[in-house]
Amino acid sequence: MSNIPANLKYTKSHEWIRVEDDGSLTIGVTDHAQEALGDIVFLELPDVGRSLAAGEACAVIESVKAASDIYAPVAGEVLAANQNVVDAPESVNADAYGNWLFKLKPINGADIEALMDAAGYATEIAQA
Amino acid sequence: MSTPSKHTPLHASHVAAGARMVDFAGWDMPVNYGSQIEEHHAVRHDAGMFDVSHMLSVDLSGPDATTFLRGLLANDVIKLVEPGKAIYSCMLNEQGGVIDDLIVYRFSVSDYRLVVNAGTAEKDVAWIRKRIATTAANVSLDGRRDLAMIAIQGPRAIERASAAMPELVTARGIPSSFTAVRAGDLLIARTGYTGEDGLEIAVPAIRAEAMWNALVAAGVKPCGLGARDTLRLEAGMNLYGQDMDETVSPLDAGLSWTVDLKDDNRDFVGRSALEAKPASNRLLGLILEDKGVLRSHMKVFTSAGEGETTSGSFSPTLEKSIGFVRVPLATQVGEVIEVDIRGKRLKARTVKLPFVRNGKPLV
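Heads up: the protein sequence lines correspond to chains A and B, in order.
Count the first sequence with our numbering and you get residues 1 to 128, in order.
Count the second sequence with our numbering and you get residues 1 to 363, in order.
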């Protein structure tokens, strides 16, 4: 049974999003995603300063099994990339919500509202 | 509507242990029990076990058994002298393509066992039956679906298995390498698909769960298909369906050493095709120098021309991605070549197989 924290937003492509006090977004992959992927061995994160469109493939998470693209949940500019997960990819398996991948400054703060909440994501993965 | 996956006698044990299950050749099998990397390390440093009951033991017996197998297989069973001795062989079609790879054990001149892959078992049995009919060989074939099989592998595999199963200790001793002994209703073989020491034990299905539980209690770690693949890759062992198939000659799959042409008087299925067509490629190991993971069917570019990866994954022992690559014959070991991974050209180095021996990297 996957862990789905109530205070986060989610996408169909299994990213989680935390809205920070300053309006920036912290993004990672969900517990469901890390479980499905298996042991993660590599992460390729976007460069700081890069502009992303909503839904644009911007990072790659590679497990022993397969490579998966990670998509920008909303349009924005990359503020930071987490070097810790690049150095220790297995930490994402250990704690998917405690290990963020990158931070975004959204172009339009209101875009966040369109993302799924925890209940919506729970339904989404139950149907898969 | 698709056919539901088959269950081995140990299916309930895997589900109870929380294994992530996946369909493999029509069987519902454990891919991991949490972390395939941890399972891999357990086999390299301690003891791990695999449910390989989806594979099929095929008993072949009768007065013509030796003659029949000498005509069926590319390796020569005449070399099996000691009772219980085994060899690894390909079974070829008339064009010299590989129908399956298998291990064949000889118990006597008229009593053998073949162990074949799960995905090809039906095809293999049909092929063998047809050949029995066309050659009018006096042999009978028995596909042993009444058996389960557990592979216990690692430097401490035999020690832990002996603690779990006293009958291993009281039998005629543990068999020597590539040999099998009978102990009651068990067949105990000193073989494996990991590059480590260990045993593959064929057991009546009804006993399998109790045996599995005893091994768990003795500290043997259940391991799934994910670890099985990374272990065999490090050990330089081919996977049928990936590294070779019916369209590939054993000579192009790094398996020339399993083809025995010494006896000019021994004809076997596919011999004339092999003799007519020498190898045009070679199968080498590949280590990715850049970050990423090699997979099968990736195009590679060498100084001698293009080639293709046949298998690939991440090596937990080397902490790099490794794979097998089919390249033009002229490609040298140690050459740095380019691999196309999702549109990018990454650097990789060819090496001789295997990558790892006795738990230590060779590269």
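Read the hints as simulated data drawn from the structure, not as lab findings.
One or more of the hints may lead you astray.
[Said to hold, decoys possible] Cβ pair distances, simulated, as ranges:
1) N7(A) with K291(B): 43 to 53 Å
2) A119(A) with R129(B): 49 to 59 Å
3) A17(B) with A94(A): 18 to 28 Å
4) A330(B) with A118(A): 23 to 33 Å
[Stated by the list, open to error] In silico lysine-lysine, BS3-like type, Cα no more than 30 Å apart, as pairs:
5) K103(A) with K12(A)
6) K105(A) with K12(A)
7) K105(A) with K291(B)
8) K344(B) with K105(A)
9) K347(B) with K85(B)
10) K221(B) with K85(B)
11) K103(A) with K344(B)
12) K299(B) with K277(B)
13) K85(B) with K130(B)
14) K360(B) with K12(A)
15) K85(B) with K291(B)
16) K299(B) with K85(B)
17) K130(B) with K277(B)
18) K79(B) with K344(B)
19) K291(B) with K277(B)
20) K344(B) with K12(A)
21) K103(A) with K130(B)
22) K79(B) with K6(B)
Predicted, not measured: the structure shown is a model, and the values here were computed from it.
Ideal Cβ positions, reconstructed from N, Cα and C, are used throughout, including at glycine.
Evaluated hints:
Between N7(A) and K291(B) the beta carbon distance is about 33 Å. The supplied range of 43 to 53 Å is therefore violated. A hinted range of 49 to 59 Å holds for the C-beta pair A119(A) and R129(B), which are about 57 Å apart. In this structure, A17(B) and A94(A) meet the distance hint of 18 to 28 Å, their C-beta atoms being roughly 20 Å apart. Our hint of 23 to 33 Å for A330(B) and A118(A) is violated, since their Cβ atoms are close to 59 Å apart.
As the CA atoms of K103(A) and K12(A) are separated by approximately 19 Å, the hinted pair is consistent with the 30 Å bound. Annotation: proposed proximity of K105(A) to K12(A) holds, straight-line Cα distance about 21 Å (limit 30 Å). A distance of roughly 28 Å separates the Cα atoms of K105(A) and K291(B); the hinted pair therefore holds under the 30 Å criterion. With a C-alpha separation of about 29 Å, the suggested pairing of K344(B) with K105(A) holds against the 30 Å cut-off.
With a C-alpha separation of about 43 Å, the suggested pairing of K347(B) with K85(B) is violated against the 30 Å cut-off. Proximity of K221(B) to K85(B) is assessed by CA-CA distance (about 28 Å); at most 30 Å being required, the pair is judged to hold. For a cut-off of 30 Å, the pair hint linking K103(A) to K344(B) stands: about 26 Å separates their Cα positions. Taking the CA atoms of K299(B) and K277(B), the gap is about 24 Å. The hint holds against a cut of 30 Å.
Using a Cα cut-off of 30 Å, the hinted pair K85(B) and K130(B) holds, with the two alpha carbons roughly 26 Å apart. Proposed proximity of K360(B) and K12(A) is contradicted: the alpha carbons are some 43 Å apart, above 30 Å. Under the criterion of a C-alpha separation no larger than 30 Å, the hint pairing K85(B) with K291(B) is inconsistent with the structure, at around 43 Å. Between K299(B) and K85(B) the CA atoms are separated by roughly 40 Å; this puts the pair beyond 30 Å, and the hint is violated.
Among the hinted pairs, K130(B) with K277(B) is consistent with the structure: their alpha-carbon atoms are about 26 Å apart, no more than 30 Å. For the hint linking K79(B) to K344(B), the alpha-carbon distance of about 48 Å lies beyond 30 Å, and the restraint is violated. Proximity of K291(B) to K277(B) is assessed by CA-CA distance (about 38 Å); at most 30 Å being required, the pair is judged violated. Taking the CA atoms of K344(B) and K12(A), the gap is near 27 Å; set against the 30 Å cutoff, the hint holds.
This hinted pair does not check out: K103(A) and K130(B) have alpha carbons roughly 64 Å apart, beyond 30 Å. With a C-alpha separation of about 36 Å, the suggested pairing of K79(B) with K6(B) is violated against the 30 Å cut-off.
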